[in-house]
Amino acid sequence: MGKDTRVVSKEEVVIRFSGDSGDGMQLTGTLFSDTAALYGNDLTTFPDYPAEIRAPQGTVGGVSGFQVHLGHSEIETPGDYADVLVAMNPAAIKANAAMVKQGGTIIYDKDNFTEKNLEKAGYTGDPVAEEKLETYNIIAAPITSMVKEALKNFGLDPKSVLRTKNMFALGMVYWLFDRKLKYTEQFFDKKFAQKPEIAEANKVALRAGYYYAETIEALTPVIKIQPAQIAPGTYRNINGNTATAWGFLAAAEKAGMNIFIGSYPITPATGILEELAARKDLGVKSFQAEDEIAGICSALGASFAGNLAITTTSGPGLALKSEAIGLAVMAELPIVIVDVQRGGPSTGLPTKTEQADLLQALYGRNGESPVVVLAASTPADCFKYAYEAARIALEHMTPVILLTDGYLANGSEPWRIPDMKDIPDITPQFADTSEIPFHPYKRNCDTLARYWAIPGTPGLEHRIGGLEKTVKGTVSYLPDNHELMVNFRAEKVARVAAKIPEIKIVGEDSGDLLLAGWGGSRGYLITAVKELQNEGYKVSIVNFNYINPLPKNTESVFSRFKTIAVAELNLGQFASYLRSVFPGFRYEQINKVKGMPFTTVEIKEKCIKILEGN
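Going letter by letter, the sequence shown gives residues 71 to 684 in the working numbering.
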């Protein structure tokens, strides 16, 4: 009797690829995600990799993972638990066993389950028994030996042969989910155009895994996820760092300016610098500085000279940039500081995600030093809020801190490429050469922004800097003038609230519980709230992208709910901020500080406890 080849349809699935940091799991997950996106599925991904460049091989600390959640309908998160886990070694089982759905499928390379590797992973015997996985669908595939057999006549060295193991595993997953091989084969042809033998070897390994999966009775039935119903347009799969860089490129084009980025490489923000540095064809000037201070100071000089100035960093670097941000506040120069948050303090968890830099972004400078603070919510969303950060900086003549995080930076999702004519215009606040003598701190009556005079423009010579000035730009130590200028700078930031959208509620306009989040936790929170609503709970959600100033209807929205539950990946920073701004409400906290995003289950359980008064 032949193998059962029935096909079943599912609304969504979660797949996790996991192995040693040298097993190519990030590439494997990316290729599967790209194929799913080209097929038309909606998806979100979550790459998870160790901090060490080359962690000890075969250990749990060296495990690299890539999770993808794809579906027929809108996908908001990379998923809580995996339907399918691909494990290339015992450590991958150890690290991920608890994250597989009860009864899920685990595919592993049994050739790697040697006594030595089992010991490295902390096992004394059979991992299936020790992890109590007997009720799961276990596929012990001889991946290593089958790859060696498939490529034995290619004349490749042993290391090159073993580098194709991930493609064998990918081929198995392609068969299970009824995916075509052609997109991945085209990738090999392009990537290895100068080494056709390597391209062919990867193709052979991919096909070998696909055909091997056909023979395994346990890999049935084939799972089909139909394309999602999405708006027409041109899409591409994009991660948060790339989307951030492209948002700045779009802003520069709309403003008629060139970009200058001065940055020091730091995980997980470096991808923005790399992406912008590659765009010399679009007028980008990039400077890889020797340290964080030089990065922001070079960008500040570029802003003074009339560029759209960007600097990028993570939490430790934001601390180092604080004095120069204060200089930007005093000089009232437009600059965007991107903080891709990671686990802290100090070096902390450099490849893990967190939302614990909020209070530093709001208050981490000496003196009265207000800046605009924005936060992106999804990888694709980073485009929008990078654009918004640039628009606000240029139109309001203020520093803007844009907060993303490690999950957003490295995660990806399909992004509908916008038409430039549909993106709002940006009008930089350039000085008018007809108003001479020029007063550098004369202000726009609407926004209180000062006017931007480009050095070298006849008649617009002026002085700015770190010392307090009068409207005319002369240094002043007069108490009344200092208080006047401090109030002007604070009110200028406050008036940005009139130029940003009001906060929107997902769910009923009033009820028992309002779940409030910000930034990258949005997907998990909104998924949890929708499930709670379907179960009859009176729960709604608001997610904040504009942190300082807050949307002007925030207090009105809060007043319609009995309790506000603030969920964030820290110990309560946004909750503390909200209490200080709107003290008259009951706030509960939902916090997590594990270097990992929330799960939908965690949010639901904590919301139910709050509703039940526990």
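Keep in mind that the hints were calculated from the coordinates and are not lab data.
Quantities reported herein were computed from a predicted structural model and do not represent experimental measurements.
There may be inaccurate statements among the hints.
[Claimed, not checked] Think about it this way: if two alpha-carbon atoms lie no more than 25 Å apart in a straight line, the pair counts; the simulated PhoX-like pairs of lysine-lysine are:
hint : residue 1 : residue 2
1    : K171      : K186
2    : K600      : K574
3    : K600      : K512
4    : K265      : K250
5    : K222      : K190
6    : K250      : K261
7    : K186      : K218
8    : K664      : K324
9    : K171      : K222
10   : K355      : K294
11   : K218      : K250
12   : K261      : K273
13   : K202      : K218
14   : K229      : K186
15   : K218      : K171
16   : K273      : K252
17   : K80       : K171
18   : K229      : K202
19   : K324      : K273
Each hint tested on the structure:
no.: 1; hint: K171 <-> K186; result: 28 Å, violated
no.: 2; hint: K600 <-> K574; result: 15 Å, holds
no.: 3; hint: K600 <-> K512; result: 49 Å, violated
no.: 4; hint: K265 <-> K250; result: 23 Å, holds
no.: 5; hint: K222 <-> K190; result: 29 Å, violated
no.: 6; hint: K250 <-> K261; result: 19 Å, holds
no.: 7; hint: K186 <-> K218; result: 21 Å, holds
no.: 8; hint: K664 <-> K324; result: 40 Å, violated
no.: 9; hint: K171 <-> K222; result: 37 Å, violated
no.: 10; hint: K355 <-> K294; result: 46 Å, violated
no.: 11; hint: K218 <-> K250; result: 24 Å, holds
no.: 12; hint: K261 <-> K273; result: 12 Å, holds
no.: 13; hint: K202 <-> K218; result: 31 Å, violated
no.: 14; hint: K229 <-> K186; result: 19 Å, holds
no.: 15; hint: K218 <-> K171; result: 32 Å, violated
no.: 16; hint: K273 <-> K252; result: 10 Å, holds
no.: 17; hint: K80 <-> K171; result: 15 Å, holds
no.: 18; hint: K229 <-> K202; result: 34 Å, violated
no.: 19; hint: K324 <-> K273; result: 43 Å, violated
Comparing the model with each earlier hint shows violations of hints 1, 3, 5, 8, 9, 10, 13, 15, 18, 19; every other hint is respected.
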